[in-house]
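Chemist: For the protein sequence lines, the chains are A and B, in the order given. Position 68 (the first sequence) corresponds to 68 in my numbering; numbering is contiguous. Position 84 (the second sequence) corresponds to 84 in my numbering; numbering is contiguous.
A few of these clues could be false.
Said to hold, decoys possible - For the chain A half of the interface with chain B, some residues (derived, Cβ under 10 Å), not all of them:
no., residue
1, Y36
2, Q42
3, Y98
4, G103
Said to hold, decoys possible - Residues from chain B that face chain A, not an exhaustive set, calculated with beta carbons under 10 Å:
no., residue
5, T9
6, Q41
7, Q44
8, F45
9, Q48
10, G58
11, C91
12, A105
I should point out that these hints are in silico values taken from the structure, not numbers from a laboratory. We treat Cβ as the ideally placed atom computed from N, Cα and C, and that holds for glycine.
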Amino acid sequence: AQSVTQLGSHVSVSEGALVLLRCNYSSSVPPYLFWYVQYPNQGLQLLLKYTSAATLVKGINGFEAEFKKSETSFHLTKPSAHMSDAAEYFCAVGGSNYKLTFGKGTLLTVNP
Amino acid sequence: ETGVTQSPTHLIKTRGQQVTLRCSSQSGHNTVSWYQQALGQGPQFIFQYYREEENGRGNFPPRFSGLQFPNYSSELNVNALELDDSALYLCASSSGRTQAENTEAFFGQGTRLTVV
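Please model the entire structure based on the sequences and the hints provided.
Modeler: Written as structure tokens, this is what we have:
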């Protein structure tokens, strides 16, 4: 069975500050790991994914995440937050098919 | 723009009724998955279809059923609606069959279902 835990349902940062959203996963097989962003009344947009290549994954909009097997973590970071980054972020783990198990999400607020 | 469209965008139904939600994928996308996202929660996997056959199912009762058609459209049907079925329903499509093919799954905007 696979599961995802996102630490912190709400993270608030100032514009220009570091963004760090935490994700820990559990998987009995080598996982595929994803970060998605959801804006209000929208579907999910893929930010980045880990598929067993490089452990540091770069995504869109300046986001990146590092896969740490020893810590079973896949935290999402961005060096400098922008107002447009305010949204809900979901970490997900997948197996061989396209079934994804999502965390409960972290709402990111960016303060001016 | 993901090329995945869902209809309708919003829907209100009465408890006990039946509902059909629709998804139109990009041409060539043979895999479609459906998810239920309750308010304040992450999406939960309902089931997945590959070339018109179900090839994965989550922890949802049989009153949740689906169809996939050769024209890359698909349906999610829910019978005997319950209040807890109120949620955003998302479909996602991909050109591959498995993650190993390294093809992205594209999500639609969702259908907001309210059961009263």
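Chemist: Hint by hint, which ones does this structure get wrong, listed from lowest number up?
Modeler: none
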